[in-house]
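Engineer: What follows is the residue order along each chain.
There are 2 protein chains.
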Amino acid sequence: MRTIGALIFPGFELLDVFGPMEMFGLLSKDYELNLIAEHKGAIPSGQKLSAVADFSITERSDFDIIFVPGGVGTRREVKNLDLLKWIEKTARHSEFVLSVCTGSALLAKTGLLDNKRATTNKAAFKWVETQGPNVHWVRQARWVEDDRFLTSSGVSAGMDMSLGAISKMHGKERAKQVAKWSEYDWHEDSNWDPFAAIHELV
Amino acid sequence: MRTIGALIFPGFELLDVFGPMEMFGLLSKDYELNLIAEHKGAIPSGQKLSAVADFSITERSDFDIIFVPGGVGTRREVKNLDLLKWIEKTARHSEFVLSVCTGSALLAKTGLLDNKRATTNKAAFKWVETQGPNVHWVRQARWVEDDRFLTSSGVSAGMDMSLGAISKMHGKERAKQVAKWSEYDWHEDSNWDPFAAIHELV
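Sequence lines, in order, name chains U and F. If you count by full-length UniProt numbering, then the first sequence holds residues 1 to 202, one letter each, in order. If you count by full-length UniProt numbering, then the second sequence holds residues 1 to 202, one letter each, in order.
Treat the hints with care, as some may be off.
One copy or two, it doesn't matter: identical chains are merged, so the pair holds either way.
Once the Cα atoms are required to be at most 25 angstroms apart in a straight line, the calculated DSS-like pairs of lysine-lysine come out as [to be verified]:
1. LYS79 to LYS176
2. LYS85 to LYS116
3. LYS126 to LYS180
4. LYS172 to LYS40
5. LYS79 to LYS40
It should be emphasised that the hints constitute simulated quantities derived from the structure, not laboratory data. Values in this document were obtained by computation on a predicted structure and should not be read as measured data.
All chains should be modelled from the sequences, with the hints used to inform the complete structure.
Structural biologist: So this is what it looks like as structure tokens:
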């Protein structure tokens with residue numbers, strides 16, 4: 001059983017968090033899910049609907065997997081030193097570090113991605129690049145794996161990356177079973193990325 | 001601007017709700033999202049993580065679109081007369097009625113789907129059929145549209161159906177734009193359904 005600490009903050013992107021949590025959550029004997037925020041309780045997403053943070057960042061930092069989503073709120077949180085410190089501390093001791101969309105800007109800001117390959121969503125690519133000038137940003141990828149770090153492209157890419165992470169930890173057949181249960185058309189190839197071509201990189 | 005009332009209940013399926021809410025939420029000038037439950041406040045999903053119901057069913061039933069997800073909790077809620085009455089009343093006055101996965105069991109139980117075509121997820125197909133013996137259940141479909149009712153297959157199918165609903169209300173180009181923003185590989189064809197073949201219908 002691995003514990004997952006999924007960070008949320010005001011303005012987190014709904015599907016960045018709950019697509020991946022669905023996939024891991026379908027393996028309830030293998031993963032324990034937790035939502036973490038600077039302050040516990042109701043946290044409004046970028047789409048206004050709120051989720052409940054089970055723990056505050058002062059309460060827990062002991063997770064096997066740290067998960068960092070994106071969303072409009074990342075523009076503010078890249079300046080939140082307490083949050084960045086928690087990410088850095090938690091990631092330092094975790095087995096895997098996952099991000100979706102502009103979540104990689106938060107990881108980059110801590111320096112954790114320095115000299116590593118990583119990706120992010122296409123609609124905010126250039127802004128994310130400025131948050132981590134020493135990161136090797138990959139423009140065309142559904143997700144990128146480097147060492148313990150898995151970073152995904154925008155929003156929906158988080159589901160493909162999560163199934164990729166499940167495949168890594170439990171084998172491809174298990175990942176395919178989760179995709180089947182959730183009736184999800186998994187893009188297994190981390191290099192599949194039609195969105196790099198159709199988005200202008202801004 | 002259309003208002004959406006998305007029902008949640010203990011044991012709702014995370015992605016059933018938040019996949020569609022992501023898609024509608026990206027059109028924030030066109031849709032106002034609300035989570036509704038029997039009692040307002042924190043409601044635990046089937047994956048344990050909780051969302052916040054903005055309103056109780058006694059507070060609001062005036063929505064342009066009513067949205068009913070599935071999840072393990074539907075097994076209990078098909079016997080919850082107060083909830084079924086709210087669904088029936090709200091759906092009677094709404095422009096569209098949407099369900100994902102076993103959410104169609106709740107719709108069926110109210111009689112709203114009688115003599116209509118509808119679908120549900122494959123892993124609970126036979127149980128759902130028993131909740132609506134007068135419904136024309138469609139075994140192979142990503143989603144089914146009949147009159148004001150759009151019902152989808154399991155979990156991830158809700159995202160494809162929601163983009164289908166957006167296409168219906170705002171045109172296909174708008175739906176494609178939402179898919180692009182969320183880097184989602186939209187299955188536009190409501191008849192696309194590889195899962196009907198690989199699941200045993202139980």
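Engineer: Each hint: holds or not?
Structural biologist: Hint-by-hint comparison with the structure:
For the identical chains of this complex, LYS79 and LYS176 are neighbours neither inside a copy (39 angstroms) nor across copies (34 angstroms), given an alpha-carbon limit of 25 angstroms. Within a single copy, LYS85 and LYS116 get their C-alpha atoms as close as 19 angstroms, which meets the 25 angstroms cut-off; across copies the closest is 55 angstroms, which misses it. In the homo-oligomer, the alpha carbons of LYS126 and LYS180 lie at most 25 angstroms apart only across protomers (18 angstroms), although the nearest pairing inside one protomer, at 35 angstroms, exceeds that limit. In the homo-oligomer, the alpha carbons of LYS172 and LYS40 never lie at most 25 angstroms apart, since the shortest distance is 35 angstroms inside one protomer and 40 angstroms across protomers.
Taking the closest pair of Cα atoms, LYS79 and LYS40 come within 25 angstroms of each other only inside a single copy of the chain (20 angstroms); across copies the shortest separation is 33 angstroms, beyond that limit.
In summary, the numbered hints that this structure violates are 1, 4.
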